[in-house]
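A.B. asks: Hey, can you work out the whole structure from these sequences and the hints?
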Amino acid sequence: MTKLKILHVEDDLDIQEIAKLSLETIGGFEVLQCASGKQALAEVLEFAPDLFLLDMMMPEMSGDEVLKNLRELPGLQDTPAIFMTARAQRKEIVDLKSLGAIEVILKPFDPMTLPDQIKTAVSMAQK
Amino acid sequence: MGLYSSKEFSIGYRYALALIIVPLASPVVVSGVQKTLTISHTSLGPILILLLTVAYAWCIWSIRNSANFGPSEEEKIAYQIKALNDHSIINMTDEHGVITYVNDKFIQTTGYSRDELIGQNLTLLLPKSIAAQYNFARGYVLTGKTWSGEVRMKGKDGQNIWAHTTVAPRLGKKGKVIGTIAIQTDTTQSKIDAHDRTMRKSMHLLRDEVYMFEADTLRYIYLNQAAMDHCGWNEKTYRQKTVVDKRRELLNDEAFDRDAFYDRARPLIDGEAKEIEFILEDYKQVREVKLQLIRPVDGPPHFLSIGRDISERRAFEKSKDEFISTISHELRTPVTSIKGALGLVLSGATGELSDKTHNMLDIAHRNSDRLTLIINDILDLEKIAAGKMEFNIESVNIAEIIKDAIAANKPYAERLNVSFVGIGLGKHTECFCDSDRVFQIMNNLLSNAAKFSKKDGEVAVTLSSRDDTICVSVEDFGKGIPKEAQASIFDRFTQADSSDHREKSGTGLGLSIVKALVERQGGSIYFTSEVDKGSKFSFELPNKDKTPINKPTTMLMVAAE
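As given, the protein sequences belong to chains A and B, one line each in that order. Anchor point for the first sequence: position 15 equals 41 in this note's numbering, and the numbering is continuous, going up by one each time. Anchor point for the second sequence: position 289 equals 457 in this note's numbering, and the numbering is continuous, going up by one each time.
Hints are supplied without guarantee of correctness; some may be wrong.
As the list claims (entries may be wrong) - Just a few of them, taken from the derived set where beta-carbon distance is under 10 Å, the chain A residues facing chain B:
| hint | residue |
| --- | --- |
| 1 | ASP38 |
| 2 | ALA45 |
| 3 | MET82 |
| 4 | GLY101 |
For the record, the hints were derived by calculation from the structure and aren't laboratory data. Computed from a prediction, not measured in an experiment: that's the story for all the values here. Glycine included, every Cβ here is placed at the ideal spot set by N, Cα and C.
C.D. replies: Shown next, in the form of structure tokens:
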């Protein structure tokens with residue numbers, strides 16, 4: 027079975043590093059990390075991910091804007107997306123899911139269980 | 169000279185005539201005498217007679233004309249009495265103060281009928297507070313002197329009547345005082361006018377805008393200084409304007425017309441509300457407006473509108489919201505890193521740790537958890553306080569939620585060797601609530617109960633229902649809450665005693681959140697506790713949908729009395 031390829035967009039480099047350890051070492055995924063939406067848009071096509079993992083609150087381009095821009099690119103219309111956000115309001119979660127997200131993971135996340143959360147969300151979405 | 173002997177002339181008349189004729193005649197006589205010396209003798213006689221005759225005729229004519237013969241003494245007195253009765257409030261009393269006579273004006277002014285007044289003591293009309301003034305004035309008049317002063321009386325409907333009053337004694341035979349007569353001038357209106365003037369002046373000092381306008385024409389009758397400043401009008405110009413003009417000029421609201429205004433004011437007109445509150449937003453400020461319909465007893469109805477600039481308050485609320493949002497992001501981001509990094513290290517993902525290092529990192533990890541909880545709790549409390557927490561109230565089986573919460577807290581309780589015992593959880597129990605929030609409440613109460621239980625203790629969770637309420641209680645048999653701490657147990661950052669803080673951990677915010685969550689769902693929470701016997705927290709929620717959670721923000725009706 028090939029590794030799930032995840033595009034992770036997160037502006038905080040410490041969190042990037044923790045997530046990298048979690049996703050690669052514990053989850054066994056293949057991960058491309060970008061610090062901004064701009065960088066992600068530039069590198070995404072070459073990487074061809076199976077999943078977007080997007081932080082919501084980022085300067086310049088927020089997570090939902092990044093998703094909208096990614097969807098404009100060829101072949102990325104149906105790539106599943108997961109948002110990570112510190113905002114826990116139910117309405118915001120509903121809004122994000124309506125943008126096409128298969129899951130919303132709340133911060134602070136638990137790096138030990140993050141890979142399982144992602145696997146569960148992906149398999150639920152495939153059903 | 170028949171004119172002189174006419175009986176129509178009084179002595180005074182003749183006296184006045186003489187006074188006029190003598191000085192008129194004298195120079196003529198003198199000049200005549202002088203002329204006899206120079207002019208011919210024959211011309212003197214006819215000229216003198218002619219002059220005197222003309223003078224007499226003029227005197228008589230002018231005097232008769234001006235005096236017009238006047239009314240008789242009786243007529244004069246009658247006229248005076250009529251004028252007095254039209255102008256004055258008059259009463260007479262006997263020597264004991266019992267009313268023996270009132271004029272029509274007295275009846276009109278006080279609202280009593282004559283029958284209700286005659287035979288009553290005058291004190292019927294006097295407020296208690298002026299008893300001392302009355303007794304003094306009465307005593308003074310009974311000594312035979314006349315008293316004057318300002319008096320306040322109470323009319324039949326309790327209305328204040330102010331009057332300039334003169335009270336004179338009525339004297340019987342031998343000069344004995346047998347009663348009083350009081351003549352009063354009603355000054356109530358000028359008092360009110362003066363009061364109105366003072367009040368209107370005071371209203372100019374207010375920072376709130378005050379507008380008064382007629383109910384039928386919607387034309388302004390009063391604007392205080394702040395209102396004039398806001399509209400750019402002055403004392404002269406605002407009287408030409410109506411409410412509709414104002415909306416059109418200041419807000420460019422061409423769609424606003426009289427009907428739109430009356431639609432808004434409908435609850436006031438129909439008497440359903442005493443006051444309407446709404447928000448008006450224009451290009452430069454946000455204003456909170458309160459509108460009332462005033463129906464004076466003695467004048468046409470008018471609207472009173474008070475506008476307050478709440479732009480600053482709005483800006484403050486906005487910055488507060490932004491601040492909370494920033495905290496939620498800015499604090500959680502580093503906590504995410506700390507907690508995540510420690511979790512990974514502790515799991516051994518980065519290599520083996522010595523026991524000592526593991527212990528130290530474990531402390532750091534646990535405290536990063538606690539920090540997360542505190543941040544979440546503070547944000548929850550802020551959201552509840554600001555009315556921003558969403559409640560999704562629906563009919564649910566509360567027994568299921570309680571069982572879920574028990575399952576979620578079981579691992580924690582087992583670590584403390586505490587077990588949960590459920591009572592009444594077997595049957596379907598309908599409840600109107602937000603299932604997530606009830607879970608949050610139960611989570612808090614269950615973890616508290618486990619935390620404060622003795623080792624190998626039990627926690628009893630009971631669900632029961634009464635007519636229209638569901639009651640859930642969580643009882644532990646642990647150390648209990650000391651009496652002195654009970655009053656403040658729902659306050660923020662309160663725990664029974666500070667040593668617990670380290671021993672049991674927790675934010676001290678849990679119970680205040682629980683209380684707020686219960687209350688926002690239309691329920692109530694209470695507890696009983698005894699030291700070393702345990703504590704029992706119970707909350708009640710409605711099992712019928714009757715909870716108005718969110719108030720409308722644009723229009724708030726204040727219910728009529």
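A.B. asks: With reference to the structure, classify each hint as holding or not holding.
C.D. replies: Going down the list of hints, with the structure as the test:
| no. | hint | in the structure |
| --- | --- | --- |
| 1 | ASP38 | holds (5 Å) |
| 2 | ALA45 | holds (8 Å) |
| 3 | MET82 | holds (9 Å) |
| 4 | GLY101 | violated (32 Å) |
In summary, the structure is inconsistent with hint 4 from the numbered list given earlier, while agreeing with all the others.
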